Structure formats: C-alpha cells, structure tokens
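Asker: The chain contents come next:
2 protein chains.
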Amino acid sequence: MRLAIAQINPTIGALEANRKLIEQAVDNAVEASADLVVLPEMALTGYPPMDLLERDGFVRDQVRELETLAKASKRVAIALGAVLPLPAGRPKQLSNAAVLLAGGERLAAQPKTLLPSYDVFDEKRYFTPAEKREVVRLPGHETLLGLSVCEDTWVEVLPYVDNPVEDLARAGAGLVLNLSASPWHLSKASARRGMLARLAAQHGVPIAFVNQVGGNDELVFDGASFVVDPQGRIHAQLPMFEPGFAVVDLPLDAPVDVPDPEPVSQLEGALVLGIRDYFAKQGLPPGAVVGLSGGIDSAVTAHLAVEALGAERVLGIAMPGPFSSEHSLADALSVGRNLGIETRVVDINPLYDAYREIFGSLFGEREDYGLTQQNIQSRIRGAILMAVSNEEGRLVLATGNKSELSLGYCTLYGDTVGGIGVLGDVYKRDVYALARYANRAEERIPANTLAKPPSAELAHDQIDSNDLPAYDILDAVLEQAIEGGVGAAGIELPDGCSRDRADWIVQRLDRNEYKRRQTPLVLRTSPKAFGTGRRLPIVHRYQG
Amino acid sequence: MRLAIAQINPTIGALEANRKLIEQAVDNAVEASADLVVLPEMALTGYPPMDLLERDGFVRDQVRELETLAKASKRVAIALGAVLPLPAGRPKQLSNAAVLLAGGERLAAQPKTLLPSYDVFDEKRYFTPAEKREVVRLPGHETLLGLSVCEDTWVEVLPYVDNPVEDLARAGAGLVLNLSASPWHLSKASARRGMLARLAAQHGVPIAFVNQVGGNDELVFDGASFVVDPQGRIHAQLPMFEPGFAVVDLPLDAPVDVPDPEPVSQLEGALVLGIRDYFAKQGLPPGAVVGLSGGIDSAVTAHLAVEALGAERVLGIAMPGPFSSEHSLADALSVGRNLGIETRVVDINPLYDAYREIFGSLFGEREDYGLTQQNIQSRIRGAILMAVSNEEGRLVLATGNKSELSLGYCTLYGDTVGGIGVLGDVYKRDVYALARYANRAEERIPANTLAKPPSAELAHDQIDSNDLPAYDILDAVLEQAIEGGVGAAGIELPDGCSRDRADWIVQRLDRNEYKRRQTPLVLRTSPKAFGTGRRLPIVHRYQG
Numbered sequence: 003m004r005l006a007i008a009q010i011n012p013t014i015g016a017l018e019a020n021r022k023l024i025e026q027a028v029d030n031a032v033e034a035s036a037d038l039v040v041l042p043e044m045a046l047t048g049y050p051p052m053d054l055l056e057r058d059g060f061v062r063d064q065v066r067e068l069e070t071l072a073k074a075s076k077r078v079a080i081a082l083g084a085v086l087p088l089p090a091g092r093p094k095q096l097s098n099a100a101v102l103l104a105g106g107e108r109l110a111a112q113p114k115t116l117l118p119s120y121d122v123f124d125e126k127r128y129f130t131p132a133e134k135r136e137v138v139r140l141p142g143h144e145t146l147l148g149l150s151v152c153e154d155t156w157v158e159v160l161p162y163v164d165n166p167v168e169d170l171a172r173a174g175a176g177l178v179l180n181l182s183a184s185p186w187h188l189s190k191a192s193a194r195r196g197m198l199a200r201l202a203a204q205h206g207v208p209i210a211f212v213n214q215v216g217g218n219d220e221l222v223f224d225g226a227s228f229v230v231d232p233q234g235r236i237h238a239q240l241p242m243f244e245p246g247f248a249v250v251d252l253p254l255d256a257p258v259d260v261p262d263p264e265p266v267s268q269l270e271g272a273l274v275l276g277i278r279d280y281f282a283k284q285g286l287p288p289g290a291v292v293g294l295s296g297g298i299d300s301a302v303t304a305h306l307a308v309e310a311l312g313a314e315r316v317l318g319i320a321m322p323g324p325f326s327s328e329h330s331l332a333d334a335l336s337v338g339r340n341l342g343i344e345t346r347v348v349d350i351n352p353l354y355d356a357y358r359e360i361f362g363s364l365f366g367e368r369e370d371y372g373l374t375q376q377n378i379q380s381r382i383r384g385a386i387l388m389a390v391s392n393e394e395g396r397l398v399l400a401t402g403n404k405s406e407l408s409l410g411y412c413t414l415y416g417d418t419v420g421g422i423g424v425l426g427d428v429y430k431r432d433v434y435a436l437a438r439y440a441n442r443a444e445e446r447i448p449a450n451t452l453a454k455p456p457s458a459e460l461a462h463d464q465i466d467s468n469d470l471p472a473y474d475i476l477d478a479v480l481e482q483a484i485e486g487g488v489g490a491a492g493i494e495l496p497d498g499c500s501r502d503r504a505d506w507i508v509q510r511l512d513r514n515e516y517k518r519r520q521t522p523l524v525l526r527t528s529p530k531a532f533g534t535g536r537r538l539p540i541v542h543r544y545q546g
Numbered sequence: 003m004r005l006a007i008a009q010i011n012p013t014i015g016a017l018e019a020n021r022k023l024i025e026q027a028v029d030n031a032v033e034a035s036a037d038l039v040v041l042p043e044m045a046l047t048g049y050p051p052m053d054l055l056e057r058d059g060f061v062r063d064q065v066r067e068l069e070t071l072a073k074a075s076k077r078v079a080i081a082l083g084a085v086l087p088l089p090a091g092r093p094k095q096l097s098n099a100a101v102l103l104a105g106g107e108r109l110a111a112q113p114k115t116l117l118p119s120y121d122v123f124d125e126k127r128y129f130t131p132a133e134k135r136e137v138v139r140l141p142g143h144e145t146l147l148g149l150s151v152c153e154d155t156w157v158e159v160l161p162y163v164d165n166p167v168e169d170l171a172r173a174g175a176g177l178v179l180n181l182s183a184s185p186w187h188l189s190k191a192s193a194r195r196g197m198l199a200r201l202a203a204q205h206g207v208p209i210a211f212v213n214q215v216g217g218n219d220e221l222v223f224d225g226a227s228f229v230v231d232p233q234g235r236i237h238a239q240l241p242m243f244e245p246g247f248a249v250v251d252l253p254l255d256a257p258v259d260v261p262d263p264e265p266v267s268q269l270e271g272a273l274v275l276g277i278r279d280y281f282a283k284q285g286l287p288p289g290a291v292v293g294l295s296g297g298i299d300s301a302v303t304a305h306l307a308v309e310a311l312g313a314e315r316v317l318g319i320a321m322p323g324p325f326s327s328e329h330s331l332a333d334a335l336s337v338g339r340n341l342g343i344e345t346r347v348v349d350i351n352p353l354y355d356a357y358r359e360i361f362g363s364l365f366g367e368r369e370d371y372g373l374t375q376q377n378i379q380s381r382i383r384g385a386i387l388m389a390v391s392n393e394e395g396r397l398v399l400a401t402g403n404k405s406e407l408s409l410g411y412c413t414l415y416g417d418t419v420g421g422i423g424v425l426g427d428v429y430k431r432d433v434y435a436l437a438r439y440a441n442r443a444e445e446r447i448p449a450n451t452l453a454k455p456p457s458a459e460l461a462h463d464q465i466d467s468n469d470l471p472a473y474d475i476l477d478a479v480l481e482q483a484i485e486g487g488v489g490a491a492g493i494e495l496p497d498g499c500s501r502d503r504a505d506w507i508v509q510r511l512d513r514n515e516y517k518r519r520q521t522p523l524v525l526r527t528s529p530k531a532f533g534t535g536r537r538l539p540i541v542h543r544y545q546g
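One line per chain: the protein sequences are A and B, in this order.
If you read the first sequence in the working numbering, its first letter stands for residue 3, the second for the next number, and so on.
If you read the second sequence in the working numbering, its first letter stands for residue 3, the second for the next number, and so on.
These are calculated hints, taken from the structure and not from any lab test.
Each hint should be verified, as a subset may be incorrect.
Stated by the list, open to error - Subject to a maximum C-alpha distance of 35 angstroms in a straight line, what follows is the list of computed DSBU-like cross-link-like pairs (lysine-lysine):
hint, chain 1, residue 1, chain 2, residue 2
1, B, Lys454, A, Lys134
2, B, Lys454, A, Lys530
3, A, Lys134, B, Lys94
4, B, Lys94, B, Lys454
5, A, Lys22, B, Lys517
6, B, Lys517, A, Lys190
7, B, Lys22, A, Lys517
8, A, Lys530, B, Lys76
9, A, Lys190, A, Lys530
10, A, Lys530, B, Lys94
11, B, Lys134, A, Lys134
12, B, Lys76, A, Lys94
13, A, Lys517, B, Lys190
14, A, Lys22, A, Lys94
15, B, Lys94, A, Lys190
16, A, Lys94, A, Lys190
17, A, Lys190, A, Lys22
18, A, Lys517, B, Lys94
19, A, Lys517, B, Lys530
20, A, Lys94, B, Lys22
21, A, Lys94, B, Lys454
22, A, Lys76, A, Lys94
23, A, Lys94, A, Lys530
24, B, Lys134, B, Lys94
25, A, Lys517, B, Lys517
26, A, Lys190, A, Lys517
27, B, Lys190, A, Lys94
28, B, Lys22, B, Lys76
29, B, Lys22, B, Lys94
Stated by the list, open to error - Taking beta-carbon pairs under 10 angstroms as the criterion, some of the chain B residues facing chain A (in silico):
hint, residue
30, Pro93
31, Leu96
32, Asp279
33, Pro322
34, Phe325
35, Ser327
36, Ala356
37, Ile360
38, Thr374
39, Ala389
Quick caveat, the model's predicted, so the values are computed rather than measured.
For glycine and all other residues, C-beta sits at the position ideal for the given N, C-alpha and C.
Bound conformation, chain A alone:
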C-alpha cells in the first residue's frame, strides 16, 4: 500500500476553501499513485472552531463540504478529520471523527475516544466520545486500518481508562492513522515523536501521524507529521511550520533521521508563522505597526514581523519622551535601518505636557505625579499607535514579554495595545536568545540594544532591575508558578532569591490577572501560556 500524508493549513470556518486545500492534496496523491491520503483532524473546519460548533448551520455546512469531497475519493481513498452529528439522545450531539472516504462514499467513521479537556482543550464541551473502536478494510487491500484522532494516542500523559491504539491493534489493525491538530510548544515535536514511537513498538503496529500546520489565534500548529514503524523508526518526516506532503510504501523500509531545528529556531519559526497567519487569514493587507523604544522587546518584535510579513509591510514608530535616553532614539532608528523598514519619529513631549496640565487641575500642581505620569507616557504612545492603525489599517503588534506580563510590569492601554502579543509567552531570557539568533548572519538587533540594561524609561534613571528582581531569578520563579502550577510555598528558591521575594512574585502574578484579561492574545510557545489554557479568577483570595 502506498500511503500519502498531507499536512495542510486550514483557516477556521473557511469550509469551502479548506475543502479545496484537501482536493489539492488528493491531486498530489493521485499523481504519486497513492492508495490513501491522510489529512489532519477536523480538516474542513480547521482546529479549534470553538463555539462555532454550536452555531446553527455550522456542522450542517461542513457535512455538505464533506459530501462534495467524497466524490474525490473515487480517485484515491481519503482519511480526514470531520465533525459528525450524532443521533439525538446524548448531551453532546457531535463527534470528532476520523472519516474514511473511498469509491466516492463515506466508508467508515471512527469517533475520537479520548476528548482532551485541559489546558487549551475543551472537547467535552462539544463532543461525545466513541464507545468502541473498530478496524476497517480499504477495498482492494489486505491491511486493516485503525482510525484514531489526536488525543487517542496520548495515553502516556493522563491515566485514561481506554487505550484506542491497543484496541485497534488487538482488532488486527496493520496500520493506525492518527489524525491530529496538536499545537506546538517548545520541545513538543520531539516528545510527540518519542511517545508515538513507543506506542507503535508496544503494540507492534505502524502509526501515521498527520498534524495540522498553521497559526489559529493564539495557537501555532507545527505540522511535523511522520509515519513510525513497529520498531519505532521514523519515516517520511514532514517539516515544521509549513505545509507538507509525502508518500511512503508499506511495509516501511526506509527510516529517516531528521533532527528537529534547534529550539530557538523553532521559537522563531512558530512566532513568525503565528504572526503571518493572523494577518493572512483575516486578509489584513496593510501590515503591521510596531512602537520602537530602542529596547530589545520591540526590536525583536519588529524583526519577527519583518520575517512574517516582509519589510515593506512593517512600520516602526519611535516615540521619544521626557525620560528617553539619548541612545533610545538612536537604537530605535538602528533597528529600523537594520530591518529595512520605514520608521517615523513622534515626539510625545507636547502631549505629555498637556496631560500634566490636566493633572494639575485634577490632582493639584505637583512636580512629580509618580505612577500616574509614568503610565500616561505609555498611554500616549498606545494612542498614537492606534491612530496609525485607524488611519492606515495597520495592526499594532504588542511587544511585552512573558516576564513583564506575569507581574503586570506594563501599562494597560499603553504598551499592551495591539492585536497580537508577539512575545507574551516568551520569558525575557528567551527574548535575548531570539535576538542573538536573529543576528546570526548580520546585525538585525543593534549591539547596544542587546548590551544595555532593560528600562521602561518612564522616569529618571529608571531601569527594570530597580523595580523587579533580576530576570534570571524572576523567570526561574515564574516558570515554577506558571508552567509548574506550584503554589508560593512550594517554589524552589533560585540562587539569590529569598522566600519573601518568591512570595512577592507569586502574589504579584495573581494580582495582575485583571491586566492579562485585557491584553491582546498571546502566541503560545510554552506548555502554559496566558490565554485560554490558563483560566483563573480575577477576584480571589487564595494565597498558597
């Protein structure tokens, strides 16, 4: 049997366009004389469609596209993920199924058994799980196929009662298809490959893992599809962060050994894809605008935007103010020059003075309005970026990193404005890693931007390390609290960090939930990003 795997990049809800993407994969499979082409989970709707699944007509319209697509299966058998309505009588009247189309008809449908309901996943909100798992014979072939969907293979991770691959192997499957929409985070691709290799070896059955690729809101899907043989060897590994197609013949006899790109390269790839698809899938032609402070966060954000959209679609705005240092504007202009983007300069001092007049009338004349005058500088800059957005149709990219967002060391409606928070799931230490990586061939991020101590420059001689713990300490504590789910009492203290300091960090993390609830969506790069995967009350009193 010749098997084709096709990792496509669907747009959520673009049912007809997604069907055409699948038909292109069918064309490729026919040309390659494949017997079967395998596509990702929910290939017609894109993943995750969220509450569109509950909208009257959405599933019906998708089933209509599925019926149209079935005709193409006269040319080659097609396995794809689709949402199927169930007979009434269960609380959730949909299944998330792997569907096999062949000879122009729907030959089989295997609903997903394990419905992930944790982190970013809400599948029990929508679906009823499969009660049984059955193999199916593709006409004209001896091999029995076992169909599975994404989480069905993730039995290592949670103590699920069912083990779909075990059931399918026992029923005689000679090949298990795993149709997936498995979002990326750092280290996920290799972990996934290791897990599926163990599963294939354990049950003595090859597994074809076909994953969605592309950015959908906060989630970036890496693709990185492959076929693994019963010895756990990898075949036909598709690239990360781009669509891909390959064919393999069964039995599998030509394993490959393709190392994943290094972590920082994956991180850049994911963020670039996340930005690109956020623009492309909404059809936002005029591109992006980034406020350039001369600091590292905005420089790296602008670099990533250029990689995603091209330099001609990115505009930088430098907005020096009363506490900006000499080097800030120079560094901001260097970023613009290095990246080849248009950069404009706006002096915010007149606006700052006008606001201070108003502060005088509202709060009494004073030399220094403290936090109020710090924040107003940031909000003036936010308003100018939004004016550019209004006037030119550009999307503002927010530049804050995960370390800052964690503590609320940012100004709501100021430096947090924008459509995407590009670095909102990247700790400060990893922003530096991205900057150094960006400079691998030539200077993109100016040397001075990399070298100088980080500062918001909203007050005289302000630097981050006066307001915050050093980033290596901060990030080490935050990672335990956020990714690790560890309470304040359980934090292992990094060198140089007192218990009080760690408590302060965890408390400040909790107390700034209200800010994060109003910040732009954050491209997810870690196992636990701010966003739909982390759901905390704003008002709560738990101190642990």
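Position chain B against the provided structure of chain A, taking the given hints into account.
Answerer: Below, chain B without anything else, positioned relative to chain A:
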C-alpha cells in the same frame, strides 16, 4: 427533622474566611435547634475557583479547612459542597462532592454525577463524575438523605443518561439535598423553581435547593434557595441577591407563595451585587470613577455604582470635547447632582488639539481625520479616567452596553477602559428600562438624558441611528444571533429590517470579537453573555 438552609456568599479561595461563614450558619442552626444545616456547592472554595483547582496545595488546603469544620458538626449535622481528591488512576483526580459532616466526622460524600461542560461551566476540566448514588441515614433520624450537587437535578435541560434524583428516590431517599452554585440570569430563578418542583413531584421526594449568593467576577449568584415538597409546593424561600437562612420542619406543611421581584428589579439587584462584590472581595476601598457623558449608559452605570458602593465612593468625570453638545455637560452635571456624587469637569480640547498636531506630522495636514479623530477623543477620555485610577486608587467602571459591544461600536482603549463592564450584557432597550426603574421614586437619570437620541458625540451632528440600525431592530437581531446561536441565514427579520441589514449585523458581530477579547469582564445577566460562556475564534471565515 428540622432542616436549616443557609445561602452564603463565599469569596473564591478565601478558605479560612469561608469556613468561618459556614460556622456562623452552624451557630444559627444550633440556635434554631436544627438537626441539619445545608450549604451551597463548593462552599469552602467558592464557585468557580477555575484553575486554582489545579494549583498545587489548593485542594489540600481546602480539605484542611473541611477537617476543621468537621468539629462543628458535633453541634449540628452539616451538608456542604467540597472538592475531594480521588485515588490516582483517573484522568481527573478530583470530585465535586456533597459532604455530610455529623458527630465531628465526615459521614458521607456523594460526588456530583452530572458535570456541566457548556456555557460558563467547565467541570469536566477538573472532575471525575460519580459512578453511583447512595442514600445515607443521619444518626438519630429515620429519613434517608439523598445528596446531590447542582447540575444533578438539571435533567430536563440536556438528555443526560443518568438521573441522580431518580436513583436517590428509588434508593429510598426521604429528602434530597441539592447543593448548588447556580448563576443568575433573567428568568432563571423562576425556571429553576419550576424545574425542581416538577422533579420533586415526579419522584415523590422533597428537595432542599441551597444556592450560593454573591458576585464572583462576571457571574452573579442569586441565592433564592428553597425547599420544595413532593407536591411541588415551595417552602422557606430565601431572598435573591443577599445571604439568607431559614429553618423548616419535615414533613413540610407550610407552603409559601413569594413572587420573585419583577425582572427590571432583579436586573438592578444583580448588577448592584456584581459591582459591590467585585470591590468588596478585592478590598478596593477608594471606590469607583465613571466618565459621565450626559448619555444614558454612563448615567445608569453611575446610578448602579452608587447603589452598590454609596455616593461617597463614586466619582464622576465629565469630559466635554470638540463635538460635545451644550446639553451634554449640563446632563452630566445633573446626573452627578441627582446621585449626590462628586463630579469634576475636564476639557479635553487642549489634548485633542495636541493629538491633531501629531496627526498632521504623521498623516499630512487635513481638516478631518475621520475615524482616527473620533477614536482619539475616546482614548483621551480613557487615559484621563485611568490617570484618576492611578492617582486615587479608584476602579474605572466601563459603561458600554451589549448592543454596542456586539457591533464594536466603541473605541478599544477608549470608552471600553475599566475593571468591570457594568452594562456589557444589557441591551440598549434594557438600559432604558433600568433608567426608568431608577427614577421610580425620584429623578436619578435626568429626563433629558432619557429623552434625547443616543449619540457618541465624536463628530458633528453624530447620532447612533445614523451609524447603526434602530436599537429595537438591532437588539432583536442580536438576541437571535447571540442568545439563540442562530446563523445569519436563520435570522427571523424584525419589522423594518432587510436581509442585507441582518447579515451586516451578524458579520459585524463576528468581526468585532477581537475588541471584546480586550474589554473588561462583563456582569452576566443573560443566558449568553460575552465572556467565558461564549468562546469564539477571533480569526475565522465562517459566514453562516
């Protein structure tokens, strides 16, 4: 048997304080010579604790409070909701249980069977359901008790396979306790009572429904607890929107007939409680600030804030600008006078002029910068409100209504700034109803504010009805699309609304998801509010 029901207002995660609230109910029950006191679902954690449940230590700390509380059950038996750890080996290692404490010990624990996973509920994210339902005998009493938790009685709503009350009645329960945290929306209290009356009559068993009261982030719990007898008659009905306590003797022989407050009164009560608890549970002493435009939304918001916090804790800021009408400032000052709140006036013209200077340098000199200059007025006002917040520690209340938020007829980082969107789940027609209700005894909302056509006053002679369909048409279409989940094609056209106009409304609703993702939390008053109960992709192409 003498039964006490106690609807308490816990704070999420305030484990010790919540335990003390329960101990007060125990004191009351002892004083009333009750045999058993019944409390709401998850009474120690407060509902919903969300991902705090996954935080290392949270459940352990709650179990410690439960053990402390058990001592109080030497005085009177206690039924309360608590989170209990399960033995390892299931994907979700917690249960959401009804716990019976008696004689100083934990006598029984019945996990919840039906775990709601729809709308605002995510219980399958955290809990494993009960596999069986067992009755328990309270020492010294003949009556067998059946324990159930909230959704366990909601079998009318979804086609659940299990019916816990039926199981408990078959097992001989003479009384079913239903420990709940059932959030309010308009018409919910009477619907709930009707449903439980039918259930009690169907299974011939009295049911004690004990509900949480209070505001927790976007959700307002109404309480409105009661006991229903096997004939479906109501006993011991507790009030809405405040804590309550009552005792009844079984068998039940004194039904009551307490009508619910009229809908607009419930709406006001819910919003006032939502505001009050948002402040109180965070300990925000300095109170609120509201931008007063002279229009109806801000006037009603300020009125509700005064009802919630007292006039002395509410500050109004009127911010006339270049397109404000004569009457706007006068109306804003009238609101302030009627409500007895401090009101300050800030002229935004100097700031507006300063921004226009910058627009000239960025975009070229022009007379009119269109949407850009409209939005900047709103953003100047937002920045001033936030400056007051920074300087005085006040929380900004956002004033936008559901009709505006639906269409994105609002300025992100402008009129949307704040900690709570008080009217964000109230259609414009119901804002008028609230205003008229506020004026029932004396003028609170000025007559001119009620009479004049709504306008954002961001351009010459702008009125809402030039930019938008009439609100009666708009609200009728939105209600079908949002509450009804109807797609564009299925909208029943209200009088005077073309198909194109309805399509435009639904498309604009979808396209403005990005704005709503960055607006403050919205107090929920309808079955489908913007917030955690409505999860849609920002980027999608579904047009149905």
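Asker: Is the hinted pair Lys94 of chain B and Lys190 of chain A satisfied, with a Cα-Cα distance of at most 35 angstroms?
Answerer: 22 angstroms, holds
Asker: Checking one constraint from the list: CA of Lys94 of chain A to CA of Lys22 of chain B, max 35 angstroms. Satisfied?
Answerer: 40 angstroms, violated
Asker: With a cut-off of 10 angstroms, does the beta carbon of Asp279 of chain B approach a beta carbon of chain A closely enough for the hint to hold?
Answerer: Asp279 of chain B check passes; min Cβ-Cβ to chain A is 8 angstroms, inside 10 angstroms.
Asker: Keeping to a limit of 35 angstroms between CA atoms, is the pair of Lys517 of chain B and Lys190 of chain A held or broken?
Answerer: 31 angstroms, holds
Asker: Would the hint on Leu96 of chain B be counted as holding, given a Cβ-Cβ threshold of 10 angstroms to chain A?
Answerer: 12 angstroms, violated
Asker: Is the Cα-Cα distance between Lys454 of chain B and Lys530 of chain A 35 angstroms or less?
Answerer: 49 angstroms, violated
Asker: Between the alpha carbons of Lys454 of chain B and Lys134 of chain A, is the straight-line distance 35 angstroms or under?
Answerer: 64 angstroms, violated
Asker: Would the pair Lys94 of chain A and Lys530 of chain A pass a check requiring their Cα atoms to be no farther apart than 35 angstroms?
Answerer: With Cα atoms ~28 angstroms apart, Lys94 of chain A and Lys530 of chain A stay inside 35 angstroms; holds.
Asker: Run the distance test for Lys134 of chain B versus Lys94 of chain B: straight-line Cα separation, threshold 35 angstroms.
Answerer: Distance ~17 angstroms between Lys134 of chain B and Lys94 of chain B Cα, so the pair holds.
Asker: Do the numbers back the hint for Ile360 of chain B, that is, is its least Cβ distance to chain A under 10 angstroms?
Answerer: Since chain A brings a Cβ to about 6 angstroms from Ile360 of chain B, closer than 10 angstroms, the hint holds.
Asker: Do the alpha carbons of Lys22 of chain B and Lys517 of chain A lie within 35 angstroms of each other, as the hint requires?
Answerer: 31 angstroms, holds
Asker: Taking 35 angstroms as the top limit, are the C-alpha atoms of Lys94 of chain A and Lys190 of chain A close enough?
Answerer: Holds - the C-alpha atoms of Lys190 of chain A and Lys94 of chain A are around 30 angstroms apart, at most 35 angstroms.
When each numbered hint is compared with the structure, violations occur for hints 1, 2, 4, 8, 12, 20, 21, 31, 33, 34, 35.
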